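Chemist: Now for the letters of each chain:
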Amino acid sequence: MTEQYHHIKLPEGSIEKQTTTLNVGPTHPATHGVFQNIMELDGERIVSTESTVGYIHRAFEKIAERRPLYQITPLTDRLNYCSSPINNMGWHLTCEKLLGVETPKRVDYLRIIIMELARISDHLICNSIVGVDTGAYTGFLYVMQYRELIYEIYEEVCGSRLTTNIGRIGGFERNFTNTAFTKLEKFLKEYPSVLKEFENLFTRNRIFMERTIGGGAISAERALNYGFTGPNLRAAGVDYDVRVHTPYSSYGDFDFTIPVGKTGDNYDRFLVRNEEMWQSLNIIQQAYQKIQEFKGAEAEVFHANVPEYYLPEKKDVYTKMEALIWHFKIIMGEVDMPKGEVYSSVEGGNGELGFYLISDGGRAPFRLHFRRPCFIYYQAYAELVSGGMLSDAIVTMSSLNLIAGEMDA
Amino acid sequence: MALTNEKIQQRLTEKFGEGFFTFEESYGMLDMEAPKEHNLKVLQFLFDDAELNFKFLTDLCAVNYPDLPGRELAVVYHLHNLQDNVRIRFKVFTDITAPDIYTASKLFSAANWMERETYDFYGVNFVGHPNLKRVLNVDEMDYFPMRKEYPLEDQTRVDKDDDMFGR
Chain U
1 MTEQYHHIKL PEGSIEKQTT TLNVGPTHPA THGVFQNIME LDGERIVSTE STVGYIHRAF
61 EKIAERRPLY QITPLTDRLN YCSSPINNMG WHLTCEKLLG VETPKRVDYL RIIIMELARI
121 SDHLICNSIV GVDTGAYTGF LYVMQYRELI YEIYEEVCGS RLTTNIGRIG GFERNFTNTA
181 FTKLEKFLKE YPSVLKEFEN LFTRNRIFME RTIGGGAISA ERALNYGFTG PNLRAAGVDY
241 DVRVHTPYSS YGDFDFTIPV GKTGDNYDRF LVRNEEMWQS LNIIQQAYQK IQEFKGAEAE
301 VFHANVPEYY LPEKKDVYTK MEALIWHFKI IMGEVDMPKG EVYSSVEGGN GELGFYLISD
361 GGRAPFRLHF RRPCFIYYQA YAELVSGGML SDAIVTMSSL NLIAGEMDA
Chain F
410 MALTNEKIQQ RLTEKFGEGF FTFEESYGML DMEAPKEHNL KVLQFLFDDA ELNFKFLTDL
470 CAVNYPDLPG RELAVVYHLH NLQDNVRIRF KVFTDITAPD IYTASKLFSA ANWMERETYD
530 FYGVNFVGHP NLKRVLNVDE MDYFPMRKEY PLEDQTRVDK DDDMFGR
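Each protein sequence line maps, in turn, to chains U and F.
Its first residue numbered 1, the first sequence is counted upward by one per residue in my numbering.
Its first residue numbered 410, the second sequence is counted upward by one per residue in my numbering.
One should not assume that every hint holds.
What follows is a list of derived Cβ distance ranges for each label pair [claimed, not checked]:
1. Asp548/F x Asp239/U: 39 to 49 Å
2. His57/U x Glu558/F: 15 to 25 Å
3. Glu434/F x Gly252/U: 15 to 25 Å
4. Glu300/U x Asn534/F: 55 to 65 Å
5. Asp458/F x Gln71/U: 36 to 46 Å
Computed footprint of chain F on chain U; a stretch qualifies when at least three of its residues, placed anywhere within it, have a C-beta under 8 Å from a C-beta of chain F [as the list claims (entries may be wrong)]:
6. 56-63
7. 218-230
8. 237-250
9. 338-347
10. 351-361
Note that these hints are calculated values from the structure, not bench results.
Keep in mind that this is a model prediction, so the values were computed, not measured.
Here a beta-carbon is modelled for each residue, glycine too, at the ideal position from N, C-alpha and C.
Take the sequences, apply the hints, and build the full model.
Modeler: Here it is, written out as structure tokens:
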């Protein structure tokens, strides 16, 4: 080193250091969300990594402590925004459990259709993003058209697409329109061939297999200890699914299988999600059939008969005395909820989405805690990727289906 | 034979003695409370016992009860026995001035971040935790925002002048 560089002072020990520190994120195009990982690299191999989360923390649990139940639904939208209807339904189911509301079968089936559509759109994004990260953009662009169709169905039912705020305590805000059913039929007719083609692109694709097999693997035991749920746990070989273990919304009436993997690596996670999409399609078909079997007045039911909790339709509020009274009572906070503690969970897009609600009477929850599956399993990321290549860590991240909104609440 | 709430109560009372736990049942879920010094012993027993077999930590969070002197903070564990498909809720209460609770992160890797989150929002000090620092909030924060003593912003306040978002 020549004389002129004497003024440069390097941090102590940096010359002897054998590893490189690499900062991936918080906003990196390959992480698909706000994730920061400070990685120690030996060449291209990861020695250790430290994850930082919380960049989009919005204090939902605190805000919820001031809001009445029906105003918390839009907060749940913004958890896992790839499948917000599942979050909404999970929240409605929690409230219904606390309030002791029984929903009619038709409402349950309509909910199941929406939830399974949401699951498909969630898995679709996750799997096609895994494709993008392994270098195959085609699949991603190809399936977007069908996510669009799913969003159009949401739009028909509730008026919005991404943050859906769908349904109410006791059911839906309006009945499904004919257009919604037509779009659903179109989806059921066209989607299987698209999914088949999507599978053809990836499942036995040599490049894709080489990139994903063995990467980010976890054993069943470790996965359970890390609190994995959903497709990530099933890919490791544990057949735990909330829909089967604790059936909600009449999932018990349906015939479907729970795919499980074996190795818990990126490839198995991909396969499990793909198979789950087929199963979801199957469930939607069954539910649609069951809905068509309702006759007469039953075929028009779209909410439970619980005027004290169900916000009445606006046109009724303007024209009917009773609806006006209930509307006033609900909006002005004159309907108290019972005291109690409930924990209720649904099978969300990426695992068991739980709601722990404590009510001390009154209008707003005393405490509301969201069990966010991705916050819990993201802590395993360091273990999953260490020893592997940096480029595999990117694939692992997308294959875990990490959603920053859900993680940070 | 399937595991029932009565059976869990019986098994736990056999092991820890009468009056150790306070049992309750709400919405079908067994809700039990134990002295906070023994939280790890209870969790370990629930984990190890072949009959109880509560090997899955579903959720861990805290609750602040400002009206209960000496028991202001509760740490709530939701445990799941996946084989028999039974869930239980286990609580320990602690004084807010000395919120020390033994960490469960050795038993459940899942508890690591959940305890960090609980520390972050309620200031529960998990004794023995490998890396107890804030996880969702900024490191510089010097209070625990989910405690009831910090109310949400008054929505009618007018003293704030915000050009960007208007108020």
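Chemist: Return the numbers of the hints above that this structure violates; sort them in rising order.
Modeler: Hint check: nothing fails, all pass.
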